[in-house]
Amino acid sequence: MKSFILSAILVFVAVQGFAQNKINVKDQVSLAEKQYDLMLKTHPDYNKTPQSVLPNGQLRDMPTSWWCSGFFGGSLWYLYEYTKNPKWKKSAHLWTMAIQKEQYNTGTHDLGFMLYCPFGNGYRLTSNPIYKKTLLNGAKSLSTRFDPGPGVIKSWNKFQTYDYPVIIDNMMNLEFLLWAARTAPNKNYLNICLSHADSTIKNHYRPDNSSYHVVCYGKDGTVLARKTAQGAADESAWARGQAWGLYGFTVMYRETQDKRYLEQAIKIADFYLNHPNLPADKIPYWDFNAPNIPNEERDASAGAIASSALLELSKYAGRDKGDEYFKAAEAMLMSLSDTMYRAGLGENHNFLIKHCVGHKPGKSEIDVPLVYADYYYLEALLRYDKMKKK
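For the sequence shown, position 41 matches number 41 in the numbering used here, and the numbering has no gaps at all.
Computed cross-link-like contacts, DSS-like style, restricted to lysine-lysine with a CA-CA straight-line distance of at most 30 Å: (1) Lys89 - Lys133; (2) Lys386 - Lys87; (3) Lys327 - Lys26; (4) Lys158 - Lys140.
Hints in this document: simulated from the structure, not taken from any laboratory.
Model the full structure from these sequences, guided by the hints.
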């Protein structure tokens, strides 16, 4: 009997240990270090930022004016944050400063991605005044895309026949302006964020809490059309768009403590997690309503974004919802850390994550690595590690 009890105790301890160490963050970051060491060797030119892989198997790099240009530097900052290895700080600084000239770019709404991912993380970790100055200049540039008439930050300069399109992705740039509102300080930046977020709740979301991709406004704020660019159809739920909204409203709650934004984030999370087309491994198809499910590509980038967002949301959503969201995020992160989605050393042109979809209707970046999948995967790993240690 004693032997049986001892065996049972040992099994219980082993199971508990496994449950507490489902994701070995240290090992995953160690592999990421090796992969990004190789990535740095293949990118001696700081004007060409890693982006993806072309259909012919060749590496796809993009200029600093591209909306994804800040993700690589941001990922390097995450490696430095976890390891404290000065070599990552040096590399992160170089790739951050490569994007500095975009602080004056008023032709894009994506300065949150381009500047806040590298400069924001760099400033958070080092307090470098150059980073702060660049960020404040960039926030000023981003704010020029806000028009009080429509009350939202303009995304593209033109979409089809419409002059004031706004995409759900734009929620991701509000964290940058909210930081600037505190740091400058500049109350106008806060008001821009509140107006944009409120209009997005009102105009982007359907009764089932899924989001349109593109809302086209008139000069007075009238909604002229609701469309998609990268989704399967105007009325479909493009997976990465749902993840952008989830992340963006979680940030809005963190920064304002306005419960309306928490409620919106919870609604989005519940739509996402309870959708009948979400696969068992919780990595979504590129569109929840893609026409040929289950014979459609997965989008691991959406999974990475959602995982990171859910980890943060789990801290605000109350005990029951918080546990649900944490477990879902953990499951996503486990899937992303498995060989199905996680590239091995020397594979995948040294990107970390496989099987992403950028723009399937445009026949671009289908079932390839994407630099922002790596960024949000690393962010999720670090968030998970901190939460498990508390």
